[in-house]
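Protein chains: 2
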Amino acid sequence: MSVTVVGSIAYDAVQTPHGGRERMLGGAAVHFALAASFFDEVRVVGPVGDDFGEDEYAVLHGRGVVTDDIEHVVGGKTFFWKGVYGQNMNSRETLETDLNVFETFDPKLSEASKQCDVLFLANILPGLQRNVRRQCERAKWVALDSMDLWINIAREALIDAISEVDCVILNDAEVELFTGEREVVAGARRIMERGPSTMVVKLGKYGAALVTPEDSFWVPAFPVDFVTDPTGAGDSFAGGFVGCVAAHGGDPTAEVLRLAMAYGTAVASYNVEEFGTERVARLTGEEIAERVEELQRITSFDARPVALR
Amino acid sequence: MSVTVVGSIAYDAVQTPHGGRERMLGGAAVHFALAASFFDEVRVVGPVGDDFGEDEYAVLHGRGVVTDDIEHVVGGKTFFWKGVYGQNMNSRETLETDLNVFETFDPKLSEASKQCDVLFLANILPGLQRNVRRQCERAKWVALDSMDLWINIAREALIDAISEVDCVILNDAEVELFTGEREVVAGARRIMERGPSTMVVKLGKYGAALVTPEDSFWVPAFPVDFVTDPTGAGDSFAGGFVGCVAAHGGDPTAEVLRLAMAYGTAVASYNVEEFGTERVARLTGEEIAERVEELQRITSFDARPVALR
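Taken in sequence, the protein lines are chains A and B.
Position one of the first sequence corresponds to residue 1 (the working numbering), numbered consecutively onward.
Position one of the second sequence corresponds to residue 1 (the working numbering), numbered consecutively onward.
Quick caveat, the hints were computed from the structure, so don't treat them as lab data.
Each hint should be verified, as a subset may be incorrect.
Identical copies look the same in the list; a pair holds intra-copy or inter-copy alike.
Said to hold, decoys possible - Straight-line alpha carbon distances no greater than 25 Å define the calculated SDA-like cross-link-like pairs of lysine to any residue that follow: (1) 205 - 13; (2) 205 - 109; (3) 108 - 75; (4) 114 - 205.
Extracted from the complex, chain A is given alone in its bound form:
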């Protein structure tokens, strides 16, 4: 199997109540690729500028990520995002977004990227997501992420893109914005009416839900001792989740989808422990497996009957 991801490669500046970084490797495609790299061969498609350096490539290569389709736009600058997290780490404010080379990004996939078995369309213009999806005809399983911006200004294009994928990943606020439904399951099912067989609804620090036409599955965030930086948690989750689906052949059973939710949760929990990619870059498979087992332990109970009056 092989996984292709198309999305942003970025430098992030982040300030949290516990410190910050002026310039660190980030972007949805990067966080996704590092997380998915534990499960399968991953190819990243996305643009960078002249400022993207050897150190950044080294982080990706350190996890075996194939960077042949990272497009170096000569004379350009890499996408830059600057944000600050409030005392409540669940809220953040964007201080600066310089799209730079990302503004004119037109994904060009090599033959190897097109031949992927599993495809992840990270959060980019829905029209571009559709374009990429069509270039990867062989892909057995395709997942898509999006955001409030596209729901607001490119709703029809997003609906078209959604209709051509197997799985949509959004957070609960986005599901409500998109469908008007407050309840996670009802909202997810409305989106699945457009085509996808699976929805993942991210619940921020509270975990995530998996919704299919007949079923739902709920997993809490793994309780870490300390959250240093939530940036990239959602994309790390997606990387673990989609990677696990790929590792099981890209045609997931209900059981594999649940397992994938657990793996996504485990990888994301490491991501938030340090800034940017710092923790995941030196993560081990043993550490991931440990938290998946622990996650099962802290969510299991024996539903034995009680004599009720």
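Since the structure of chain A is provided, determine the placement of chain B on it from the hints.
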């Protein structure tokens, strides 16, 4: 076994995006008692005024709740609360709080109430909670609820009250306000340093966490099709949780505490489906058991190992 609950008995006026009620039975002790009544004999201790009528007693008696210790304050009026829920049902605004007979409430327990095996101190002045706790010397297991108001204005008294109970039930915002800790487990353990062996942290529409000195357990809210009115959900949860502990003898093992979390979750999920006590008043034990089983099904996964790279 028998359970005593001390707390508010109220009339609520509630407005939600789906309608409202001008005057309905409510109050923490009422919601708790109805939920706990499925598991054990429950006695309610709390004050009402001349306006508290036969219809309200009938709701409690319909579930076998013992109302001998409901104190009728002659010439007084029953506690009244009026609130409105925003489009996002997780936020609500209080429009009116008339303490009425609750303002001078000084709990007087009959001998039968004092002889309870399990005691629930619903959200009242911490000094009164302590006073009641001491009247129930025989109680094997005591749980306490509180709120931001007491954390802010009666912190020391609340710490004293907490030091004399087995279990504290708060929501995550209250835990953070009380301890300064953002992470649920860290905050809960800070509170347990004061004495309790168990903490339940309610996460609103996202579920609840059980924290003990060595362990944690996480359960999502049961996904209902439609939330009509969240009023009393927390107290219904507490009633199912504490009731289940009582049904198992009031000296809960780790396994019983987890099961109790599931039963609390199931009862609370019915509570929110209709206004006030309307749904729980006609709930059956079979319906509760059904959702406990379903809750296990939608949270279970098989943590089998995956070959990681």
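Hints, one by one, checked against the model:
1. Proximity of residue 205 and residue 13 under a CA criterion of 25 Å is satisfied intra-copy only: 21 Å inside one chain copy versus 32 Å between copies.
2. Taking the shortest Cα distances, residue 205 and residue 109 never come within 25 Å of each other, neither inside one copy (34 Å) nor across copies (42 Å).
3. For the homomeric pair residue 108 and residue 75, the shortest alpha-carbon distance inside one copy (18 Å) is at most 25 Å, but the shortest distance between copies (80 Å) is not.
4. For the homomeric pair residue 114 and residue 205, neither the shortest alpha-carbon distance inside one copy (34 Å) nor that between copies (41 Å) is at most 25 Å.
The structure fails hints 2, 4 (numbered hints given earlier, in ascending order).
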